[in-house]
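Visitor: Each protein sequence line maps, in turn, to chains U and R. To convert, note that position 103 of the first sequence is 98 in the numbering used here; the numbers rise steadily by one, no gaps. To convert, note that position 34 of the second sequence is 29 in the numbering used here; the numbers rise steadily by one, no gaps.
Keep in mind that the hints are not guaranteed to be accurate.
Note that identical chains are pooled: a pair holds if it fits in a single copy or bridges any two copies.
Said to hold, decoys possible - Straight-line distance between alpha carbons at most 27 Å, and here's what the computed BS3-like set of lysine-lysine pairs gives:
| id | residue 1 | residue 2 |
| --- | --- | --- |
| 1 | K100 | K15 |
| 2 | K23 | K142 |
| 3 | K103 | K23 |
| 4 | K159 | K40 |
| 5 | K142 | K24 |
| 6 | K175 | K16 |
| 7 | K142 | K15 |
| 8 | K219 | K23 |
| 9 | K142 | K40 |
| 10 | K32 | K142 |
| 11 | K142 | K16 |
| 12 | K159 | K227 |
| 13 | K142 | K219 |
Don't read these hints as lab results, they were simulated from the structure.
2 protein chains.
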Amino acid sequence: MVKIGGNIIDDEQLLSSFLKKFAAISDKKILIHGGGKLATRMAEKMGVSQQMIDGRRITDAETLKIVTMVYAGYINKNIVAQLQSVQCNALGITGADGNSILSHKREKGNIDYGFAGDIDRVDVSWFTQQLLSGQTLVVAPLTHDAKGQLLNTNADTIAQEIGKALSSLFHVVLIYSFEKPGVLQDVENENTVIRKLHVGYYQELKETEKIFAGMIPKLDNAFKAIEAGVEKVIIGKAEELDMLISGNAGTTISHE
Amino acid sequence: MVKIGGNIIDDEQLLSSFLKKFAAISDKKILIHGGGKLATRMAEKMGVSQQMIDGRRITDAETLKIVTMVYAGYINKNIVAQLQSVQCNALGITGADGNSILSHKREKGNIDYGFAGDIDRVDVSWFTQQLLSGQTLVVAPLTHDAKGQLLNTNADTIAQEIGKALSSLFHVVLIYSFEKPGVLQDVENENTVIRKLHVGYYQELKETEKIFAGMIPKLDNAFKAIEAGVEKVIIGKAEELDMLISGNAGTTISHE
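Go ahead and model the full structure; you've got the sequences and the hints to work with.
Guide: See below:
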């Protein structure tokens, strides 16, 4: 499973070369994509003002309409068509399709995120059936509440939840595409990639404050996925996908 | 199989009540939807001028982007989410998904239609597999050329081609949603619905000019579908879906 974000999606050439590498993976595979800048540009063009709190988009009704068009329409279908052109039989979905990912609207706390979904259930048998029929799934970051409402859902979280759910049946490797070549010891120096990370070493790095604070939520989530059964989480540049998989680049997070 | 167009899609209440009736059909089913006015409104908002020739949209690159967003994103996923809310397990697709409908870019003749697709092949086994797994397919009017290009494709034609292809394995009934209650003998009088139409009677009506000229291409296509193995084509108002199916409304076109 590979999750890609805006830095790949927004760059046509980077995306095309990434998709070729992704198509070449011979194992069963799932691609989860985020949104990128196109949704923001579309909102500007349509005069819908975007509210961001702590880097998260607040999804009001008009914004939900835009992300449904951009994520599930434009980005998802263009990725599918491109994968088909390199002999990768892709099926593009949201969590509403096949009732594959059920969520509920996030409760209003201090912040009202609007139409944002927190995941309740991933349908393992649905994913398994589609994968076993030889298809590659391309997942847009939208889920549904089974009451007719689509909900904007964080792509990192979708990747993690699908990974955890499928780990009961498959050996799951979860790859997070990242702007940096991996988890860095010194955030200013790309040559300080931590190549292997397991629970003990991670605790040590946290205690001695040798890890960039901004990475901690992401890494905590990665370790939760490992505890839930995911075999490996790999963090690194999507451009180096083949090397990430072979273990020759990025940060590999595992039990041991 | 039911094809719906703009008159249903553009009216939230009509669409919602139609989808409930559609969900209640117990047989395996496919919904093919057109575009509606939303794509035109989006194009206006985004300052993309729309060229229409003989009622057909010319699909330039910017227009393709818009219809991909609106048809495959907004309309398709909202229909899927609504069907899920009435216990109909829907999967929304374009012809690129699962490589289900292959087409080629229409050759430039007197008119250059741009990114418009003419269908080459419907993957019967793909459709069969998805239907047999208990899913209802919701098809947006886009196909692909297997070279990475999405193509805008007429929804009536998609419905017809899927119907013809599936008729080798299933008894296919093809329902075309229409503004009028059926094929009318007198286009000004909605009480003149022709209830049953077969080849002989159709020829007679054509020869005696007792049929509205504008209906002839649609009916010629319906008879082609019948010749290719489709059991019945029914034309009528989507609001009367249950009555169309039971044979108590609309025009039913068949061999005999």
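Visitor: Against each hint, give a clear statement of whether it holds in the structure.
Guide: Going down the list of hints, with the structure as the test:
Within a single copy, K100 and K15 get their C-alpha atoms only as close as 36 Å, which misses the 27 Å cut-off; across copies the closest is 23 Å, which meets it. Taking the shortest alpha-carbon separations for K23 and K142, only the inter-copy value of 22 Å comes in at or below 27 Å, while the best intra-copy value is 31 Å. Taking the shortest alpha-carbon separations for K103 and K23, neither the intra-copy value of 38 Å nor the inter-copy value of 40 Å comes in at or below 27 Å. For the identical chains of this complex, K159 and K40 are neighbours neither inside a copy (38 Å) nor across copies (42 Å), given an alpha-carbon limit of 27 Å.
In this homomeric assembly, K142 and K24 come within 27 Å of each other (Cα to Cα) only across copies, at 21 Å, whereas the closest approach inside a single copy is 29 Å. In this homomeric assembly, K175 and K16 come within 27 Å of each other (Cα to Cα) only inside a single copy, at 19 Å, whereas the closest approach across copies is 52 Å. Taking the closest pair of Cα atoms, K142 and K15 come within 27 Å of each other only across two copies (13 Å); inside a single copy the shortest separation is 38 Å, beyond that limit. Taking the shortest alpha-carbon separations for K219 and K23, only the intra-copy value of 23 Å comes in at or below 27 Å, while the best inter-copy value is 41 Å.
For the identical chains of this complex, K142 and K40 are neighbours neither inside a copy (31 Å) nor across copies (30 Å), given an alpha-carbon limit of 27 Å. In the homo-oligomer, the alpha carbons of K32 and K142 lie at most 27 Å apart only across protomers (26 Å), although the nearest pairing inside one protomer, at 29 Å, exceeds that limit. Taking CA atoms no more than 27 Å apart as the test, K142 paired with K16 passes between copies only; the shortest distance there is 17 Å, against 38 Å inside one copy. Taking the closest pair of Cα atoms, K159 and K227 come within 27 Å of each other only inside a single copy of the chain (11 Å); across copies the shortest separation is 47 Å, beyond that limit.
Taking the closest pair of Cα atoms, K142 and K219 never come within 27 Å of each other, the shortest separation being 30 Å inside a single copy and 40 Å across copies.
Taken one by one, the earlier hints fail for this structure at numbers 3, 4, 9 and 13, listed in ascending order.
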